[in-house]
Amino acid sequence: MRRVIGGLLILAGVLLVLAGGVAAAWFGVDNTATMRSHQVDVHGTGLVTVPRAIAYAGPRVIVTAQAQETRQHLFAGVAHDVDVRDFLSGVARTEVTSVRVPLHLSTQAVAGSLDLSADPSSLDIWIASAEGVGQVNLSFRLPDAADDVVILSTDARPVGPLTVSAAVVVPGAFVGALAGVVLGAGLALVGWSLIGMRRRSRQPNDTAELRARL
Amino acid sequence: MVVAPVLATLLTLPAACDLPHRKDLDDLSKVAAGRSTAASVLLNYDSVRANADARWSDSTLATVEGGPLLRIDAGAYLVSFRLSPDQPLETTPLSGPGVVASPRFGSYPLWFVAELPVPDAGVSRMSLFARKSTTDPWRMMYGPEIAVDATLPEFRTDDPGAAVSVSPHDADGVVMSPARACRDYAKVLQARSSPLRRMFVRDAFLQQMREIQDAQAKLAYASFRQTWSIMPVRYALRLDDGGVLVFATLVRTDRYHVDPGGYLRWNGNSAAKAYLPHGVRHWARLQYDHQILMEIPPVGGGKPAVIGQYGGVVSGVGS
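Chains as they are written, first to last, in our numbering: chain A, 25 to 238; chain B, 424 to 742.
If you're looking for bench data, these hints aren't it; they were derived computationally from the structure. Beta carbons: idealized from backbone N, C-alpha and C, even for Gly. Wrong hints could be hidden among the right ones.
Restraint-style ranges between C-beta atoms, simulated for each label pair [to be verified]: (1) A:Ser113 - B:Glu513: 41 to 47 Å; (2) A:Glu93 - B:Pro583: 39 to 45 Å; (3) B:Leu466 - A:Thr187: 40 to 46 Å; (4) A:Thr187 - B:Ala485: 41 to 47 Å; (5) B:Ser452 - A:Val125: 55 to 61 Å; (6) B:Ser459 - A:Ile219: 56 to 62 Å.
Restricting the straight-line Cα-Cα distance to at most 20 Å, the calculated cross-link-like pairs of lysine to aspartate or glutamate (EDC-like) are [to be verified]: (7) B:Lys726 - B:Asp593; (8) B:Lys555 - A:Asp143; (9) B:Lys726 - B:Asp637; (10) B:Lys726 - B:Asp509; (11) B:Lys555 - A:Asp148; (12) B:Lys726 - B:Asp582; (13) B:Lys446 - A:Asp168.
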């Protein structure tokens with residue numbers, strides 16, 4: 025019985041060591057897991073996620089969008105879906121209907137005009153926002169509310185193709201992964217010692233048996 | 424020997440990681456404003472209001488007020504400017520917010536109610552702020568005053584703590600719908616013999632208006648007629664006891680017909696004097712907007728009553 029338990033602990037420990045090792049290598053010391061970039065042909069003024077596209081909350085993510093036109097003014101922001109729908113009502117855009125990891129975006133075009141009713145940076149609806157020329161980097165915590173991520177052209181012309189990449193930042197992920205390695209190694213050691221104890225406990229019995237024979 | 428580090432790792436691992444979790448996307452609505460948003464809206468209101476008061480500037484005030492409330496305050500500016508041009512309006516800053524009640528919305532416009540005590544005046548303003556769209560500012564649309572020591576009915580809240588709005592024509596659980604209550608109340612104000620008067624509490628506002636009617640009816644050399652109408656009712660909230668709290672605006676028109684050879688003028692303290700400084704020889708028409716806060720009790724809980732009001736003269740013509 026001890027041998028079986030010991031074997032299982034060793035197996036679990038080895039798996040944990042492997043998983044922890046892979047996670048530590050993926051996140052690295054900056055606790056950031058970067059996904060490969062995805063190119064999107066954006067129709068209209070911007071790229072906007074619908075609430076169901078981002079089904080998870082929790083970790084901090086960094087979204088980077090790069091326009092083909094290097095002098096294009098870009099705005100990126102996160103706001104509640106009610107606010108985003110109101111602000112972009114009647115504006116031509118591309119909606120991201122689903123996000124798969126590693127990064128793949130499913131999209132649909134929405135017809136409308138190219139004009140935004142206001143400079144997005146002047147609004148108070150954003151939970152997080154950033155601006156850039158040619159490229160924009162937006163860092164935010166994936167919210168629990170029905171929030172949308174938007175990337176807009178602010179110079180009244182179509183965005184065109186955008187190269188989008190994302191990275192997930194999980195504070196303590198590297199330490200956690202290393203802790204997993206340590207925990208796995210510990211479990212394996214416990215399992216090994218259980219098997220070892222059984223071997224050692226057999227030796228006196230064998231001796232006693234030998235003595236009886238003599 | 425191995426147990427200690429294993430336990431330490433198990434205890435610290437969940438805290439160390441901000442792990443992803445599925446979020447609930449069944450409800451895509453949002454609460455119009457939490458306490459911090461209400462506080463920031465109030466701070467902006469107070470600052471703009473002080474600036475507008477100092478210059479009697481209704482265009483400045485229009486960035487933070489709207490609807491009939493703006494008409495009432497713009498009317499107050501005109502009265503103050505014409506009657507006391509050397510004495511700018513004294514701003515009474517609002518404090519708080521006290522109670523903040525905000526329903527959930529699936530689309531714009533958004534609105535919320537905040538109780539804003541005015542300690543210097545001994546009253547609280549039950550202010551309703553609305554926002555038409557993301558590109559519009561929050562504007563105070565209603566500001567009826569209630570006595571600071573008055574018992575404010577508690578608002579009903581749903582599971583996440585949002586207030587529950589009521590459709591103006593919804594009479595579910597209450598003695599009458601908000602729209603009907605306000606319409607019938609206006610009829611009672613206009614005709615003191617209306618059979619509808621039995622449906623309402625003879626509240627302080629009703630008594631005050633009766634006193635004005637009685638005083639004006641005694642004018643020598645002029646006949647007086649007062650009519651009342653109601654602006655469309657839009658905002659109502661469910662109360663904890665099942666009743667409803669309604670924000671509404673009543674429009675009062677005072678008409679005077681001066682007898683031939685007579686003359687009618689208003690005394691120095693009257694707001695009407697700002698509109699008709701030289702009096703009239705033939706006729707005059709003054710319009711007042713009164714914002715009221717009406718509590719409609721649940722069925723079996725009594726009669727509707729106006730528990731707060733704010734109003735003033737908004738126009739005056741005559742010859």
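Outcome of the hint check:
Between A:Ser113 and B:Glu513 the beta carbon distance is about 42 Å. The supplied range of 41 to 47 Å therefore holds. Remark: the range hint 39 to 45 Å for A:Glu93 to B:Pro583 is upheld by a beta-carbon distance near 43 Å. Separated by about 42 Å at the C-beta atoms, B:Leu466 and A:Thr187 satisfy the suggested range of 40 to 46 Å. The supplied range of 41 to 47 Å is met by A:Thr187 and B:Ala485, whose beta-carbon atoms lie about 45 Å from each other.
The hint said 55 to 61 Å for the Cβ distance between B:Ser452 and A:Val125, and at roughly 28 Å that hint is violated. Roughly 60 Å separates the CB atoms of B:Ser459 and A:Ile219, a value that falls within the hinted 56 to 62 Å. Among the hinted pairs, B:Lys726 with B:Asp593 is consistent with the structure: their alpha-carbon atoms are about 17 Å apart, no more than 20 Å. Between B:Lys555 and A:Asp143 the CA atoms are separated by roughly 17 Å; this keeps the pair inside 20 Å, and the hint holds.
Between B:Lys726 and B:Asp637 the alpha-carbon distance is near 25 Å, which puts this suggested pair outside the 20 Å criterion. Taking the CA atoms of B:Lys726 and B:Asp509, the gap is near 46 Å; set against the 20 Å cutoff, the hint is violated. In summary, the hint linking B:Lys555 to A:Asp148 is supported, as the alpha carbons are separated by about 14 Å, within the 20 Å threshold. With a C-alpha separation of about 29 Å, the suggested pairing of B:Lys726 with B:Asp582 is violated against the 20 Å cut-off.
In summary, the hint linking B:Lys446 to A:Asp168 is supported, as the alpha carbons are separated by about 6 Å, within the 20 Å threshold.
The structure does not agree with the numbered hints 5, 9, 10 and 12 stated previously, though it agrees with the rest.
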